[in-house]
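Chemist: In case you want the letters, here they are:
There are 2 protein chains.
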Amino acid sequence: MNPDIAISEAESVVMDILWRAHPASADEVIAALAGQQDWQEATIKTLLNRLLNKGAIKADKDGRRYLYSPLLQREQWLSQESDSLLERLFGGRVAPLVAHFSKQRKLSRSDIAELKRLIEGLGNDDAN
Amino acid sequence: MNPDIAISEAESVVMDILWRAHPASADEVIAALAGQQDWQEATIKTLLNRLLNKGAIKADKDGRRYLYSPLLQREQWLSQESDSLLERLFGGRVAPLVAHFSKQRKLSRSDIAELKRLIEGLGNDDAN
DNA sequence: CAACATCGATTACTCGTGTAATCATCGCCA
DNA sequence: TGGCGATGATTACACGAGTAATCGATGTTG
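As they're listed, the protein sequences go chains A and B. All residue numbers for the first sequence refer to this note's numbering, where the first residue is 14 and numbers rise by one. All residue numbers for the second sequence refer to this note's numbering, where the first residue is 14 and numbers rise by one.
Quick caveat, the hints were computed from the structure, so don't treat them as lab data. Don't take each hint at face value.
[Claimed, not checked] Each pair of labels, with its calculated beta carbon distance range: (1) Q89(A) with A23(B): 57 to 67 Å; (2) W32(A) with H35(B): 39 to 49 Å; (3) S82(B) with D29(A): 12 to 22 Å.
[Said to hold, decoys possible] A partial selection of chain A residues facing chain B, derived with a Cβ cut-off under 7 Å: (4) I20; (5) Q89; (6) S97; (7) L98; (8) L102; (9) A108; (10) F114; (11) L120; (12) E127; (13) K129; (14) I132.
No residue lacks a Cβ here, since even glycine has one placed at the ideal position from N, Cα and C.
With the hints as extra help, turn the sequences into a complete structure.
Modeler: Shown next, in the form of structure tokens:
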């Protein structure tokens with residue numbers, strides 16, 4: 014479908030704002046980022062434009078300004094990013110990844126509980 | 014300790030060779046990469062040098078050439094990469110990450126089995 | 001109506017990265 | 001022993017990303 018839209022790190026920060034609340038004007042995005050990122054307004058405008066040019070967001074005219082909304086879905090982006098890491102680092106297998114976190118003691122007690130619940134709810138799916 | 018050595022994508026491909034078998038001469042690295050990457054020798058030499066300059070590998074003189082070995086450990090790099098992704102995308106929690114893969118049907122049957130085993134070997138702090 | 005404010009678009013500049021050619025050094029063979 | 005070949009070092013160059021200033025259009029207001 015959507016041929017993978019590549020989002021840079023800085024761009025993804027802007028996307029995050031829009032995923033949380035859209036549509037949003039440039040000003041609203043800038044406001045939301047103040048205190049979180051130390052960016053000039055101009056910087057954020059540039060990022061919005063780059064996102065626009067690569068089709069990751071759309072802009073609807075609202076009087077003299079625009080209201081921005083995401084086109085790229087957060088879920089899709091999550092998949093792109095995490096699949097790529099999974100592939101590159103763990104040969105595409107999830108278990109080794111979890112094993113890694115477990116080895117690093119990155120699993121909180123609630124993680125473990127949640128995983129238990131998750132795994133148990135899976136037993137009978139499809140092939141491979 | 015080691016203040017995060019940043020490795021680029023291409024560099025990590027070279028590291029992978031060295032992690033698999035070290036020390037290795039430039040020629041051996043080049044040989045190992047032939048057929049896997051479509052890089053000129055010069056490109057690989059450059060990557061080796063950049064890795065050297067950033068302290069990710071070391072070079073021991075062996076006659077007229079060098080033998081390269083990793084300094085940055087694979088485990089450490091895996092952690093850098095996966096922790097950063099986990100933080101950025103899933104707020105640092107492992108369970109949501111696994112949930113994501115599960116939702117995307119990225120869990121193979123053997124993944125599930127392995128995860129089951131893994132998780133079971135963990136929960137022995139208190140009951141349940 | 002003219003000056004001004006606002007907002008997006010354009011332009012700019014630096015750095016890292018991917019990719020590679022070329023340079024310099026040094027041991028080896030004829 | 002002097003040129004050759006191998007090997008690492010240096011240099012190159014385009015492109016994306018981060019960061020931002022400035023321009024241009026357009027709407028607002030006295």
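Chemist: State for each hint whether it applies.
Modeler: For each hint, the structure was consulted:
1. Q89(A) with A23(B): 57 to 67 Å: violated (26 Å)
2. W32(A) with H35(B): 39 to 49 Å: holds (43 Å)
3. S82(B) with D29(A): 12 to 22 Å: For D29(A) against S82(B), whose Cβ atoms are near 40 Å apart, the range 12 to 22 Å is violated.
4. I20: violated (12 Å)
5. Q89: The hint is violated - Q89(A) has no Cβ within 7 Å of chain B, the shortest such distance being about 10 Å.
6. S97: violated (9 Å)
7. L98: Hint holds; L98(A) Cβ to chain B Cβ min 5 Å, cut 7 Å.
8. L102: holds (6 Å)
9. A108: Holds. Min distance 4 Å.
10. F114: This interface hint holds because 5 Å falls under the 7 Å limit.
11. L120: Because about 6 Å separates L120(A) from the closest Cβ in chain B, which is inside the 7 Å limit, the hint holds.
12. E127: holds (4 Å)
13. K129: holds (5 Å)
14. I132: holds (5 Å)
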